[in-house]
Amino acid sequence: MSNPDIKINEIKALESQVAEIRSKIEAMDKTKPSNKLSMVVFSGDLDKILAAFVIATGSVAMGMEAVMFFTFWGTPVLRDKKKKAGKKDVMGRMFGAMLPKGTCEVKLSKMNMGGMGTAMMKSLMKKKNVASLEQMLEMAEELGVRIFVCEMSMDLMGFKREEMIDYKDITFCGVAKFLEEAKDSRIQLFI
Amino acid sequence: MSNPDIKINEIKALESQVAEIRSKIEAMDKTKPSNKLSMVVFSGDLDKILAAFVIATGSVAMGMEAVMFFTFWGTPVLRDKKKKAGKKDVMGRMFGAMLPKGTCEVKLSKMNMGGMGTAMMKSLMKKKNVASLEQMLEMAEELGVRIFVCEMSMDLMGFKREEMIDYKDITFCGVAKFLEEAKDSRIQLFI
Amino acid sequence: MSNPDIKINEIKALESQVAEIRSKIEAMDKTKPSNKLSMVVFSGDLDKILAAFVIATGSVAMGMEAVMFFTFWGTPVLRDKKKKAGKKDVMGRMFGAMLPKGTCEVKLSKMNMGGMGTAMMKSLMKKKNVASLEQMLEMAEELGVRIFVCEMSMDLMGFKREEMIDYKDITFCGVAKFLEEAKDSRIQLFI
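Residue numbers (my numbering), protein chains in the order written: chain A, 1075 to 1265; chain B, 1075 to 1265; chain C, 1075 to 1265.
Next up, chain A with everything else stripped away, as it sits in the complex (with noise of 0.2 Å):
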């Protein structure tokens, strides 16, 4: 049993154990999902867009990395009133008009009563300190969250990006770049 050779067969045995197990380890280290938040923002109506900053800022706040992938009536929500789109075409100029253009001009999904239900539910956040979407969107930005703008819905609504806001981390992109992003993350909602 003390013969050296067998003891240097072993501590072979084991050097090429371990260092199959390092390997394997770092592997799934590097497909373990990121401490991240990613969302796709889909929805265009005043609760759930606020909804979806809370949570947002809410998971910077905790430490987290946060994505929201604005996409279809969300995407309306984050064009700048103040900007103006060079020309359109006939069905562009139509979306232009009907969607919401920025934070302000977004509704209830609910009891929006012809305007009144949103009026008052913005007096109502004023009053109770909730932050309103302008300031949700200036503490993401501050924050440091991530906002990815899906580009097939930019050209189906005939939006440009010349009439969108300016966000420090704002990507133009594909459903495949959320997705990679999605994969890589801890929560992920569709909003």
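Calculated directly from the structure, the hints in this document are not laboratory data.
Which copy? The list can't say, so a pair holds if one copy fits it or any two copies do.
Think about it this way: if two alpha-carbon atoms lie no more than 30 Å apart in a straight line, the pair counts; the simulated BS3-like pairs of lysine-lysine are:
1) K1251 / K1196
2) K1158 / K1202
3) K1202 / K1161
4) K1242 / K1162
5) K1157 / K1175
6) K1157 / K1251
7) K1110 / K1098
8) K1104 / K1251
9) K1251 / K1201
10) K1242 / K1106
11) K1234 / K1200
12) K1162 / K1200
13) K1155 / K1184
14) K1202 / K1251
Since the model is a prediction, treat every value here as computed from it, not as a measurement.
Add chains B and C to chain A, keeping to what the hints say.
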């Protein structure tokens, strides 16, 4: 090669590598999400609330934990129709009157048709042996589904704790507490 | 220190530790979520169904697996407009008549405007080379997106298997089977 000192060094090196691997695995194990489902119940519609409870109770039946975070339109669903709140301001009284008081008054998101669609759906659920919302809530309580209620929504809509349902595992909290759970969950949904 | 017995004991201890680590890593590897996306398709709106298919086919194009669980308003979208169901009771006939029969009859969640908005969106999608729902469904089938259909919803709405679309990988099942997939997925969404 059979110098015993070399072998001792090799063994020592292996021991420290194994210790390092152990601590790395422990760290990975700690940050691994639990066998848990976390959902935001944002909607206040009969159909969506029903789906939320079917999913939550279903996951517990499968051996998972479940946490439901009721926020915005989901909050009034948890009011107790037999309870009365104390003094409220005008806004609080308006929200109180306009929003459904508990599971019984919840309506379909589509085909409500002045309440007829909702009544049809309810009678259909009874006929097909699908549990009603009231039964679902009882089942959830028995199964140990944890309910979180969003304090910001309660405050916005002027709801008071004294008018909410009695439920064994209910917590009034903010979004941060929910995100803490969601981060540690295998499944997260926004309903 | 150069006592060979001590070294043997140390080697034995290392061997058992390495074996223990191996089995722990294997267990962790088994419970690690797969490179898969699972979504609940609850909505029956053109815009949301479109988003669901864009995300599902996009994830498969990225090398992930995808599972779509159609429930509630999502269920009628999978009816085949050319097929007829056998005998139904009154409720079943009513639901059958009121809900869209397949992807062609699906409407926008907003700006439907008596069908005009939906028609506009469809013509726009064609012009901008965005695949129609019918094409999306075909693409999903080719890419191997798995479709689950909620049996409880089928039962509630009185739909029969014989009136649903032909699709290679379709399964009629309950929420438990979906949760099993979702638990094992890197991304989960409720649409």
